[in-house]
Every structure is written in structure tokens, then in C-alpha cells.
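Novice: If you read the sequences in order, they're chains X, D and A.
Going by the numbering used here, 150 is the number at position 128 of the first sequence; the sequence numbering is gapless.
Going by the numbering used here, 379 is the number at position 377 of the second sequence; the sequence numbering is gapless.
Going by the numbering used here, 372 is the number at position 205 of the third sequence; the sequence numbering is gapless.
Keep in mind that a hint or two might mislead.
Derived pair list, reagent style DSBU-like, types lysine-lysine, alpha-carbon separation capped at 35 Å [claimed, not checked]:
id, chain 1, residue 1, chain 2, residue 2
1, X, K112, D, K551
2, X, K112, D, K293
3, A, K331, A, K257
Covered, in the sense of this in silico footprint (three residues per stretch, anywhere, with C-beta under 8 Å from a C-beta of chain A), are these stretches of chain D [what the hints assert, rightly or not]:
id, stretch
4, 229-239
5, 242-256
The hints are simulated quantities; they were obtained by calculation from the structure and are not laboratory data.
Glycine included, each C-beta is placed from N, C-alpha and C at the ideal position.
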Amino acid sequence: MSEPREAPYSRAIPTPTGGPLVTAFGVAMLFAGIVTNIAASVIGAIAFAIGGVWWFREVFPREQLEAIEPTGGQSEVLPPPLPDREAPSKRLVLPVEIHPYRAGVLGGLAGGAAMAAVAAAWGIVKHGSLWLPINLLAGAVNPSMAALGEPELAAFDGGWLAIACLIHLVLSIGTGLLFTVALPMMPRRPMLFGVVVAPVILTALSWSTMGIVNPALEEFISWPWFVASQVAFGAVCGFMVNRFEMVPTMRGTSLAARLRVERSDGGGEPS
Amino acid sequence: MSTLTTRPAEVGAAVGGEPLATRLHRWAVTVDHKRLGIMYVLSGLVFFLVGGIEASIMRAQLARPANDLVSPEVFNQLFTMHGTTMVFLVGMPILLGMGNYLVPLMIGARDMAFPRLNAFGFWLFLFGGLLLYFSYIGAQGLYGTAVAPDVGWFAYAPLTDRTFSRGNSTDYWILGIMVSGFGSIATGLNLVVTILSMRCRGMTLMRMPLLAWMMLIVGLLVLAALGPLTAAQVMLLFDRNLGAHFFDPQEGGSAVLWQHFFWFFGHPEVYILVLPAFGFVSEIIPTFSRKVIFGYPLMVAATVAIGFISLSVWAHHMFAVGMGPALNAFFSAMTFMIAVPTGIKIFNWIGTMWGGRIRFASPMLFATGFVAMFVIGGLTGIMLAMVPFDWQVSDSYFVVGHFHYVLFGGTVFAIFGALHYWYPKAVGRMLDETVAKWSFWLLFAGFNLTFFPMHISGMLGMPRRIYTFQPDRGLELWNVLSSSGVVLQAAGVILIVWNLLRSARKGAVAGNDPWDAWTLEWATTSPPPEHNFDVAPTVGSRRPLWDLKHPEDPDGRYE
Amino acid sequence: MAATSDSLAAAAPHAEEWRPARGRTGMACLIGMECFFFGTFIVAFLFYVGKDTTGPTGKTCLSIGPVVVWSICLISSSFTVVAAVKALAKARKAAFEFWLGLTLLLGGAFIYGTVMEWRGLMLEHELFISTNLFGSTYYSLVGFHAFHVVLGLTVLGLLWTLSKFGHLGPEDTERVELVSWYWHFVDVVWIFVFTSVYLIGTGILS
Ligand code: HEM
Ligand SMILES: [Cu+2]
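Isolated chain X, as found in the complex (with noise of 0.2 Å):
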């Protein structure tokens, strides 16, 4: 439906209006009357009728509206036409190439396998359990589990190890892709990156912050083992991101096409 007479696409503006002022402070003496006297609410329902219908006959039956001359003194804004999506640009986009994001999520995946089966081992190891590390995991989100001795934490329990699944799961991916991303800072050594600097940076912020994420880990974690299972995600999650080839980032494109839904610009599959 066309609205000619209304803003904000003609000059016009509606004219000023005292209507919605008296009407609010009708409503307001309305409530202010239970706190004081039963005379301040009779004053506000007058007020909030005469401001009703002082409103309301400036939109009915027509909207009451005035039109400004023009002031000048403006930069007028229309765009300019766009050059060729092909023509040569002065603009650098940056960066360039990175892995896919599919890579993050696989790389992230694997990690977490490999992970999990080091955390596994420790468990059987060192206290003979498979179910110990696992609801170590999830005490994360049930400080009450402190609390509980060992042959507790030691027996399985079904909840536990979905909330474990789910945070392990939750985080691998998301590390993995983090990893993804943050890849093009050390674009040449990804194995550096995942086999040492990545684990000595989640070691050295597990390590600050463990009795207050998850207490009952706390009393139980070894270190060298902790360590050694960073790694083993690092590598094995760097491993795989690694196998992947780097893709443009596709910046500049349109959404579309970015989701493959249709054929870039230049015609031809996107890489």
C-alpha cells in the first residue's frame, strides 16, 4: 500500500502536538494517585482523556502534516555507478588464502579422537578406570562432584558421559576451527604451531584457571599427562588442517556465491 502523504520519503513532517504529553501525564498521575490521593488519579483520568482526544484528532481523520522548504547547505547522496567487479583495484584484501573451515572442523574432530584416547589411557593406566577421566570432563559443569571420592567418579554414569561427550565435542570443534583461523599468523610452520605453541598456551591457561573451572579435576589432573594429550591433539589436529588446500577468502564476492548457490562473477566453478 502507498503511503504518499507520509514520511520520510516527501518533505512532509507531522505538525507538533501537546496530545501525547498531556496524555502521559495522565497515565502517570493515574498511578500516582494509589501511592497519594485518590484526587491525583481523578486529575489523570481527565488529563489522559483530553490528551486522547487531542492525539487522536491529529490522525484522524487524516494524519495532520507540514512540509519544510528546503534549507540547502546539503551534500546530496546518491551512489556512484560500481566499476567492474574485474577492473583492477587499488584495494588490498588480506589474507589471502586460508584453510577451509571445513578443515577446522575435521582437523578439530580428529584432535579431539586422538585426545580422548591419551585421557583414556591415563585413566586405565593410572587408576584403572575408563569412566574417571570422563566424569572428571564433566565436572566442569557440577562443582558438587569435588566433593566425591574416587570409586564414585570411577563408576560410569550416563549423564556424565553425555555432558562430557558434549563439551569434548563442543570444544574440539571450536579449537579446531580457532586453530583454522589462526593459522595464517604462522602461515609456514603449522606443525610448530599445533605440536608446541598451541598446547603451551592451553596448558599454561588450563593450568591458572583449573581450580575454578573445575575443581574436581583439579585433585586428580597430571600434569605430564595433560601435556601430553595437548600435543596429541596439536599434531594430529595440525596434521589434518594441514592436508587441506588453502582456499581465497573470497572476500568481495557476493554471499551467494560464497555459499556456491550460484556461480561467481567470472563465471566458472568457484574454487
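Based on the hints, put chains D and A with the ligands in the right spot on chain X.
Specialist: Showing chains D and A with the ligands alone in chain X's frame:
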């Protein structure tokens, strides 16, 4: 087709010679989004000074142990009124008011979608605020003395029950907030409709300035959050005045239900208070880094994600209530999740500054101050989202430290940045840069001096909302540091106010586009005429003014 | 100086650009807000079902028979209001007033039903808002709904009066349609209130 009368615009000089009554009348009957925006900001600043004075008295009381500057009763009123004022009468109106002023200009509209409703919203806010403060004179206290509300800004049941809160000061709290809440609902609705329906030609959703995106989400959050608050307040009003039992444990009512209702409003509310700040910063940082915002689509996605997630984290304010491990775990996880889009934004601002030609003019100082302080507040937020940690420090000064880093270091710094950035547009004159820088550094130093020690006193066990503390508990130093920071902050605020007032007459003339910025509001004159634009703009990219200034290298090609 | 509005119409957005009409968007927002408002009262009601230790509760004092009748009135008024809007769009004034009048009657009947129910609860069962949790939650939830019905009736009555005096024409269809949206909303909320109070609250559904 019907005709319209045309009249010349009332700007600047034409208004100068008029008698005061005429000028006041003009402001009273206005439905112009720019005038309403200015009135919102001005009344918000006045309430800011009032709330600041209340805070200063509290800090004076806490400057030394076993002090008796104010009585415990007065202290309760002070922190209640301070919190309520800062959230409902400072944060909301200033942010909604700036949205009011800026959004139509930024999306190339003549006005808000419903200009009269807009005026209605402003007056409701103002009268609601006045009603709340009238309690100082009008409310009946215990012995017939007038008292302000004293139940805390979240008014927990059963403290608000008739049995424990005699007189009617709590009713003042309910009604004042409710009336100004109606105003917020009106303005929130108006913002949503304006942004969806009133965009100029070419202004697709994905070309809107980020501030408009944030305001859209804020408007939706206002609609979702204020309804439940009003409903809960009505229930409380019924409890107190009609003898209902919603939150009355004596009759089987649940005090915890009030907490759920309040925080279902309360957490979205904190994002209502910070999303516009994100918006300001997302406009200021690109301009002063001379770069486009980094990752625009991601910023939009993060904003939308925050909008959704913020509706499902409320019970992280209730970890200490004893909700049980399942609920605690759920709300803890959701709270971690909301930190992700929030963190994304931080990275995008840094990415925008990275490699830019940064100019540290006063708006940029406040914006970078915002980023730094908000990061600290966000990190303490994550700490609090961990249930075991929260159990240790909930209801202590650590929490006070957390939310002042996000609300003062975050929201208030961004508001001051925005004031310095858009003041030339609204007034037509520049603020004094030297004074502005002094005020920033004073505020920044004072802020950290006051609020950083609170983390430590909190961890040492100082509870919040307490009117004094005992000597020899190791709390003296941290409290006196906190209190002394107030002096610096007060100096900073006074300088800002002075600068705002003085520059209106003495400042250098600004011109249309003093910062060489890129969004539509800088295309029109400063201050803009009533109809905003002689010719409605047409845009072809996210930075229409860049395109205008560099027709050979338009943005549209890269978006 | 006077100018026609056409000469002022500078640039309307491109036909393909999405701009929802402001009236509709505004009403949709208002309705969304109201959903959250009513949702809170419904949550409170459901939370307290069966938690009372004393006094009349939904199980003992609500009778569903009459409510079903009044509910049918309210729900059917959603259809009559649609007929009214259609009539207005076709400039059939008499039909518009007839359907609108019928809507008013049906809505009025619903309010009459509520008043009678409340009368019975207060006089026969001595249930008041202060009696117990059921009283508190029941009266405020049903009362707020009834309040919204009365608001809707007031606006519809105003439209009817305006039309009688010849101030309403087909050009106002969109505005009237927005009022009808609000009316539909009030009806839909009733379905939820009905389910909570008269089905779950009475123990029919549990
Ligand atoms: C990174 C995101 C954030 C997280 C994870 C977070 C977490 C928390 C948690 C868990 C609490 C409850 C502490 C307690 O009472 O024991 C809390 C309190 C609070 N937060 Fe945040 N927060 C975040 C961001 C924000 C933001 C952006 C604001 C406002 C701009 C804010 C304002 C507040 C306020 C006002 C309180 C205290 C309410 C009161 O008890 O009076 N927070 N926060
Ligand atoms: Cu929160």
C-alpha cells in the same frame, strides 16, 4: 491528492530572539525525533548527576570502617535509588534517546515511524522518574517520615512484602519504574518499526550502520523484557495493596519466582544497556581508524545471537539460590555461550583498529577506553558464570566490580564517546578537545581506582549492600582506595558537563562533517533541519559518504 | 505556499526492497510484547496450580459449562470482525456496521460471562484475590484478559460510532484491519488462558 502547507524550517537564528515561554512551548509540543532525543539525553544526564551524588555519599560512608556518616536506613535508600536511577533513568533514556536522535538520520528517514508515540514515550519516562523521586517527599515511612524505596534495585521478595516493607515507598518504586517502563516499551517499539519500515532507498538491512542493527535488537529486547517486568510488578502491587500472595511465602507463594521473573527481565536489560554502546563504538572506531569495520556480517550475526542468547541466561544471577545442579549447569553453559558473540565483537573492533591510521580524538579515546574496560568486565563475567566461583563471591563486592566494569567502563564510557562524537552534529559546534582529554583521563583513572579494588575487597569477603565494615579485616585499604577514586571521577564528570555547556556557545563551528565520517547523518547540516534531508538520500553501500567522496572507488564493489 | 504531496515525493524505495508497512509492524510488535506480558501471568498461574493448602481452588469452584459458551462467543467474534473488515474494504457501510455490531455484542456477551462468573465466585465461594494463591493468580490472569477485551471493545465501539457518523470509509481499511489484529490476539490469548485455567487448573487436563 490532498495538499500540504509548507513553512520555512525553524533552525538556529530564527528561534534565538523568541521569548523563553515560546521556546519552552516549542519543546513541550515537539514530536521531532531530534528534539526528543536531546531532551532524553539531557534529562538522563541530570539523573546521572543525581545518581552520582548518591554513589558519592555511599563511598564517603564506606571510606573508613565503622563510619557513621549516614544511618543504615539511609544507606539502603541510597543504593536502591542509585541502582534504580542508573539503570532506568540514566542508561535506558540516554541510550534510547541517542537511538532516537541518530537512527532516523542514519537510515535516511524524516523521523521515527510514530513521532507522537515517540513524544509520549519520552514524557512517560520523565514523569515516571519524577514519580520515583517524589517518594523522597511523598512516601509514608515507618514513623510518618518520608522515605525513598530501600529494597534494592531488584527488590527481592519477601523483603518487599507488606510485613517487611511498611509504608508505601516500595509502591513508589513499582509505579515509578512501571510508568517509565511504558515509555521504554513505546520507544522500543518505535525503534523497531522505524528501522524495519522507514529506511531510505537502497538502505537494505545489510547496508545499515551497525548502530541501527544494535538498536533493532535493543528494541526487540525491550519488547521481550519489559512486558514480564511490568507483569511481575503488577503482581507485587497486588500483593502489597490487594492482599494477593504471589510472592508471599507465608501463604505458599514463592520468593524465588520473583527472582526468576525479575532476572528474566534483568539479564536482557543489561544487554539493552550495552548493545547501543556496542553500536556507538562500532561507529566511532572505524571513523578514527580510517578503515571500514572489520567483519560487518559477523558483527550483525553476533548481535542477533546475543539477542537470542540473552533471553536464556537469566538464572546465572541465581546460582546461590540453590536451583540444583541441572539448572545451574544449563545456565552456566548458556552464559559461557553468550561470551562468544561478545568476544567476537571485541576482536572485530581490534581488527578494525589493526593497521589503521588511528587518530586519538576524544571520541576515540572513550571508545578505546570502552573496549579495554569492557574486556575486564567481560572476563570477570566469565569467572562469575562458573558456578563454584560464583558461590564464593556472589553478593560480594566482586560482583559490584564486575558490573561496574561493564556498565560504567562499558556503557557510560561509550555514552561519553558518543556524546563527544555526535555533539557537533546536534549542536553545530565542536567540544573543546583539551578539556575533553582531561575529562577522559580523569574519569579513566578515577574509574579504575574506584572499581578495581572492589574485586579484591570482594574476594576478601566484603559483602555488597552493607552500610559499614569492621576494622582489622584487611578491608580498609581497598575501601579507601575505592572512595578516593570518586574525587577524580567527579572532577571528570564536572569537566564534561562544563564542556558540553560552554561549547554550545563558544565552540568552533563544526560544519556538516567534522570527522570526515561515512554515515548519512554527516551529509546533512549541523544541526539538521526539521525534515533532516532536503532530498531523501539513496545509498549504494554501507558507507554512502565514502562513495560520495570517492566516486572512483566505491565500496559497493567489495560488499 | 502549498505544494501537492506528489511533488514532495522524492524517492520511494525500489519496488524490490523490503519495507513492511509501519502500521502492521507496529501492531505486530505490540502484540509480541503483550504475549510476553500474558506469558508471565500464565507461568505464575501454572506454577501455583495445586500448591494451595486452603480455600476454594479451581478444582472445587470453577464450572466449565458456561465458560465454554462464552468462549465460543469470543472466538466467533474473530470471524465476524473479519467479515466487517471485508465489508469496509468494499465500501459496504451497512454490512460493516452490522458485522462490527455483532462483534461488539459477542465480545460484550463474553464480558457478561466473566462478570457472572466472578459474582458467583465471590458470593458463593467467597473467593477473593486475597483468599489464596488460586485467587491471586486466577483473578489477575482472567482479569487482565478481560481488561484487554474491554479495551478492544472500546476501540471497536469507537469505530462503529465513527462509521455511524460517516467518518469511516474504505480508505481506512488498513487501520481497521490493525484493530482486528489486536482483537484476534485477544482471542488467541484466551485459548491459552482457557487451557491453563479451565482445563489444567480444574484438573481436567493434568
Ligand atoms: C561476558 C558476558 C557476561 C557474563 C558472562 C556475565 C556474568 C554475570 C554473572 C554470572 C552475574 C551474577 C553474579 C552474582 O550475582 O553472583 C552477573 C552480574 C551482573 N552483570 Fe554480568 N555478565 C556479562 C556481561 C554483562 C554486561 C554486558 C552487563 C551490562 C552492561 C552486565 C551487568 C551485570 C549486572 C548489572 C550484574 C549484577 C546484577 C545485580 O546483582 O545487581 N554483565 N554477570
Ligand atoms: Cu546477567
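Novice: Each hint should be assessed against the structure and marked as holding or not.
Specialist: Evaluation of the provided hints:
no.	hint	verdict
1	K112(X) <-> K551(D)	holds, 16 Å
2	K112(X) <-> K293(D)	holds, 15 Å
3	K331(A) <-> K257(A)	holds, 17 Å
4	229-239	holds (count 7)
5	242-256	holds (count 9)
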